[in-house]
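S.K.: Using the sequences and the hints given, assemble the complete structure.
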Amino acid sequence: MASDALSRVFAALADPTRRDIVARLAVVEDATVNELAEPYDVTVQAVSKHLRVLEDAGLVSRTRDAQRRPVHLEAEVLDLMTRWIERYRRQAEERYRRLDDVLRSMPDDPKDPNDIPPTSPPQTGAPT
Amino acid sequence: MNTTSPSETEIIADPDIPLIRIIREFDAPPEKVFRAHTDPELVVQWLGPRGIEMEIDTYDCRTGGSYRYLHKRAGEEYAFNGCFHEVRPSELIVQTFTFEGFPNGVALERLVLEDLGSGRTRLVATSLVDTFEGRDAMIASGMEFGIREGYERLDELLAG
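Chains as they are written, first to last, in numbering that gives the first Met the number 0: chain S, 0 to 127; chain G, 0 to 159.
These aren't lab readings, by the way, just hints derived from the structure by calculation. The hints are all genuine.
Computed cross-link-like contacts, SDA-like style, restricted to lysine to any residue with a CA-CA straight-line distance of at most 20 Å:
(1) K71/G - A91/S
(2) K71/G - E93/S
(3) K71/G - R94/S
(4) K71/G - R97/S
(5) K48/S - V32/S
(6) K71/G - Q90/S
All values reported here derive from a predicted model rather than from experimental measurement.
M.R.: Take a look at the structure:
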């Protein structure tokens, strides 16, 4: 199921260490497990575990036969994911920029007795 | 997964439950942000997607109230409705959300307004959907390609 695949990518990227690994691979392209483990205060085994999660999600691949077994970033999968989220984020940001404008246009004193209190029953059934 | 840039909208798609969280700060006190969410005349000015006319049928934003609105574009109409489960002035709005084109689906939405002082507010909006597929469809909605094409593309990439 592609839906599960998408969820696996989300889950894989939810961990800060795994996000960092992906970010570093985006720069160096290929790296060995030992190279990837170096900056972290965790065992090589722990990093291998993170890599397996990234591999299962399709975000990284490893050459089976080579001696070094370098880890390779599947940049297209990452791009697709980033585009989905970023597009959604931009839509929310556009909406909230309109809300910024609405907030700026509102009177400064909400306690004004002539103001409609927020809990008053609003007009219903009337399309605006 | 989480994208951050200062003062811009932040999105978090939870890996363990089908939830999306949106975080955004506003240069206005919670009272104002709350009113912009509860007064239908203000809501209509910002809530609809860009380029789509929003028409409010009902908008009774108080505990036990309900709402229904339509998005109109090029002769097509999309209606949404839900109930306001809990509304606490300047603090909290808990509501349900259903797209009438898929009436069996319902999301539980929670809006929390946090007073940051100095006339600023942090808004945290959480949508809990009933399936991961529904959540992912929400994120993919409005993409240049639809959710199906997106999944197909992902399948291709993962198979390749």
